[in-house]
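Chemist: The hints should help you fit chain B onto chain A, whose structure is shown.
As you go down the protein sequences, you meet chains A and B in turn. Be aware that the first sequence starts at 66, since it is given in our numbering, and climbs by one per residue. Be aware that the second sequence starts at 85, since it is given in our numbering, and climbs by one per residue.
Check before you lean on any hint, since a few could be wrong.
Quick partial rundown of chain A residues pointing at chain B, CB under 10 Å, derived from the structure [what the hints assert, rightly or not]:
#1 Gly124
#2 Leu132
#3 Leu134
#4 Leu137
#5 Leu139
#6 Ser216
#7 Ala249
#8 Pro251
#9 Ala253
#10 Leu261
#11 Trp265
#12 Leu266
#13 Leu270
#14 Thr271
#15 Val273
Rather than coming from a laboratory, the hints here were simulated on the basis of the structure. Beta carbons: idealized from backbone N, C-alpha and C, even for Gly.
Read off the chains here:
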Amino acid sequence: MTGIWPDIVAHGALIWQDLLQHVEIVFISVAIGCLIAIPMGIWLTRRPRLAEVVITVTGLIQTVPSLALLALVLPVLGVGLVPAVSALALYALLPILRNTYVGVRGVPAGTVECAKAMGMNRMQVLSRVELPLAAPVIVAGVRLSTVYLISWAVLAALIGGGGLGNLILEGLATYDFGLIIAGAVPAALLAIAAGLLLSWLQRALTPVGVRRLAAGERGAA
Amino acid sequence: MSLFSYLFQNFGSIMQIAGIHALLSIEGTVLGAIVAIPFGLWAYRRPGVRRFAAAVAETIQTIPSLALLAILMIWLGMGNTTLVATLFLYALMPMLHNTVEGLLSVDPGLVEIAKGLGMSNRQALWRVQVPLASPIIITGFRMALVTSIGIATVGVFIGAEGLGSLIYGGMQVQSASQIFAGAAPAALMAIIFDGFLAFLAVRAGRRSLRLPRLHLRNSPSAQTPLKGDG
Numbered sequence: 066m067t068g069i070w071p072d073i074v075a076h077g078a079l080i081w082q083d084l085l086q087h088v089e090i091v092f093i094s095v096a097i098g099c100l101i102a103i104p105m106g107i108w109l110t111r112r113p114r115l116a117e118v119v120i121t122v123t124g125l126i127q128t129v130p131s132l133a134l135l136a137l138v139l140p141v142l143g144v145g146l147v148p149a150v151s152a153l154a155l156y157a158l159l160p161i162l163r164n165t166y167v168g169v170r171g172v173p174a175g176t177v178e179c180a181k182a183m184g185m186n187r188m189q190v191l192s193r194v195e196l197p198l199a200a201p202v203i204v205a206g207v208r209l210s211t212v213y214l215i216s217w218a219v220l221a222a223l224i225g226g227g228g229l230g231n232l233i234l235e236g237l238a239t240y241d242f243g244l245i246i247a248g249a250v251p252a253a254l255l256a257i258a259a260g261l262l263l264s265w266l267q268r269a270l271t272p273v274g275v276r277r278l279a280a281g282e283r284g285a286a
Numbered sequence: 085m086s087l088f089s090y091l092f093q094n095f096g097s098i099m100q101i102a103g104i105h106a107l108l109s110i111e112g113t114v115l116g117a118i119v120a121i122p123f124g125l126w127a128y129r130r131p132g133v134r135r136f137a138a139a140v141a142e143t144i145q146t147i148p149s150l151a152l153l154a155i156l157m158i159w160l161g162m163g164n165t166t167l168v169a170t171l172f173l174y175a176l177m178p179m180l181h182n183t184v185e186g187l188l189s190v191d192p193g194l195v196e197i198a199k200g201l202g203m204s205n206r207q208a209l210w211r212v213q214v215p216l217a218s219p220i221i222i223t224g225f226r227m228a229l230v231t232s233i234g235i236a237t238v239g240v241f242i243g244a245e246g247l248g249s250l251i252y253g254g255m256q257v258q259s260a261s262q263i264f265a266g267a268a269p270a271a272l273m274a275i276i277f278d279g280f281l282a283f284l285a286v287r288a289g290r291r292s293l294r295l296p297r298l299h300l301r302n303s304p305s306a307q308t309p310l311k312g313d314g
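Isolated chain A, as found in the complex (with noise of 0.2 Å):
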C-alpha cells in the first residue's frame, strides 16, 4: 500500500486533465440518456404492450459485453470522442428507460385516479403524481447507468475516447505498475463517490410519504 502514493503524486497533473476528462465524458454520455431514456420511458407506459418489446431488447443489448459493443462502434463510427459518446449514450439508455418504465408504471392506479378525480389533467397527473413518486426508481436507474458508464468509458479510450483509461491501458501496454496505479485508483475512487453521491439524492427524492411507508420494508436494489 506504501506504493500507491508516489504513483498518485508523481503523475498528478495527468491524473487531474485524465480525471476531468473522464467525468466529462460520462456527464455528457448519461445526460444524454436522461434525455433521451426519460420521455421515451413515460411515453412506453402509455403502451404497454410496445413496451414490452422494448423492453425485451433493451434487456438483450445489456447482455452484450461492454468491449464488445465499444469495438462494434470502431468500424460504424470510426475513432474518438464522438463514437465513444455515442457508444456510452447508448449504453445509458437502457436502465434509465427500464427505470422510468418501472417505475412510472409501478405508482397505483388508485393514486392516479383520485388525482384525476381531483382534477387534475394528464400532464398534471404526471409531473405532480407519478413522476415524484417514481423519481427515486428513475434515478436508481441514473446511478446504474453512471456507475456503468464510468467502468465503460476506462473502455472507451480504446476508441479514442480519452480519459483515465488512458493511463491504464498505457500501464498496461509497458508493464508500468505506477501509471496502471495511476489511472486504477482514481477511476475506482471515482465510480464509487459516483455511486454513493447517486444513492444519497435517491434517497432525499424518495417522497416523505414514501418513505414512511417503507420504513418497515427492505430496501431492494
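Modeler: Here is chain B on its own, set in the frame of chain A:
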C-alpha cells in the same frame, strides 16, 4: 455476409476460445457462489454483519472492471488467474444480496410452523427457507454469471484467454468481421446462460412450493405465494 466471414472461416478455433471463455466465467462465478451463498446463509440473521458485507460487496461491484483487473494484475501477474480472481470478486455482490433477500422473503409464519412441527433451526433452514429462497438465489447466480461473461472479454488486457482476444485483435486490425466473431459468441453465451438459469429458477420455485405442502398438508400458509420477484 462479410461480417460473418471470419466467424465461418475460423469456426472451430472460435468455438474452442468460446469454450475457454465459458469455463473461466463459470469458474469465477462458482468460486463466488462457494463463498457468498454460505456467507449469506450465516449472515442473513445478523443485520450488522449483513449490512457491512453488502456495503463491501457493493463497493467492489462499483470499481471499473479494467481498473480492478489491472490492480489485481500487479499482485497476481498476467493471465487467467487474475481474471478468475476478478470475476470471483464481482460475483460476490449479486449472490450475497440475493441469498439474503431470498431468505428474508420467506414468510416467517412458515418457519414458525416448521418449528412447531418439531424441526430444528437447521432443519427449518434447509427444508423450508432454502428451498423457498432458491429461485431468488439462483437468480443471483444468473446475474453474476452474465456479468462475468461480459467482464471476461476485458481479461484480454491482462493476458487472459477468451473471446476478448478476438475482439481486441479485431480492433487493432480494424476488422469488423473479427470483432463480430468475438462479440457474437460472447453475447449469445450470455443470453443462453441467462435463459437457462431463468428457467431453472422458475422450476426451483415450482418444486419448492411442493415441499412445505408435503409437511404441512392443508395448512393455509402452504399456499402462500412466493414474495420474491428476483
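Chemist: Each of the hints needs a verdict: does it hold here or not?
Modeler: To see whether the hints hold, each was checked on the structure:
{"no.": "1", "hint": "Gly124", "result": "holds, 9 Å"}
{"no.": "2", "hint": "Leu132", "result": "holds, 4 Å"}
{"no.": "3", "hint": "Leu134", "result": "holds, 8 Å"}
{"no.": "4", "hint": "Leu137", "result": "holds, 6 Å"}
{"no.": "5", "hint": "Leu139", "result": "holds, 6 Å"}
{"no.": "6", "hint": "Ser216", "result": "holds, 4 Å"}
{"no.": "7", "hint": "Ala249", "result": "holds, 4 Å"}
{"no.": "8", "hint": "Pro251", "result": "holds, 9 Å"}
{"no.": "9", "hint": "Ala253", "result": "holds, 4 Å"}
{"no.": "10", "hint": "Leu261", "result": "holds, 9 Å"}
{"no.": "11", "hint": "Trp265", "result": "violated, 14 Å"}
{"no.": "12", "hint": "Leu266", "result": "violated, 15 Å"}
{"no.": "13", "hint": "Leu270", "result": "violated, 20 Å"}
{"no.": "14", "hint": "Thr271", "result": "violated, 19 Å"}
{"no.": "15", "hint": "Val273", "result": "violated, 24 Å"}
Hint violations for this structure: numbers 11, 12, 13, 14 and 15, all remaining hints satisfied.
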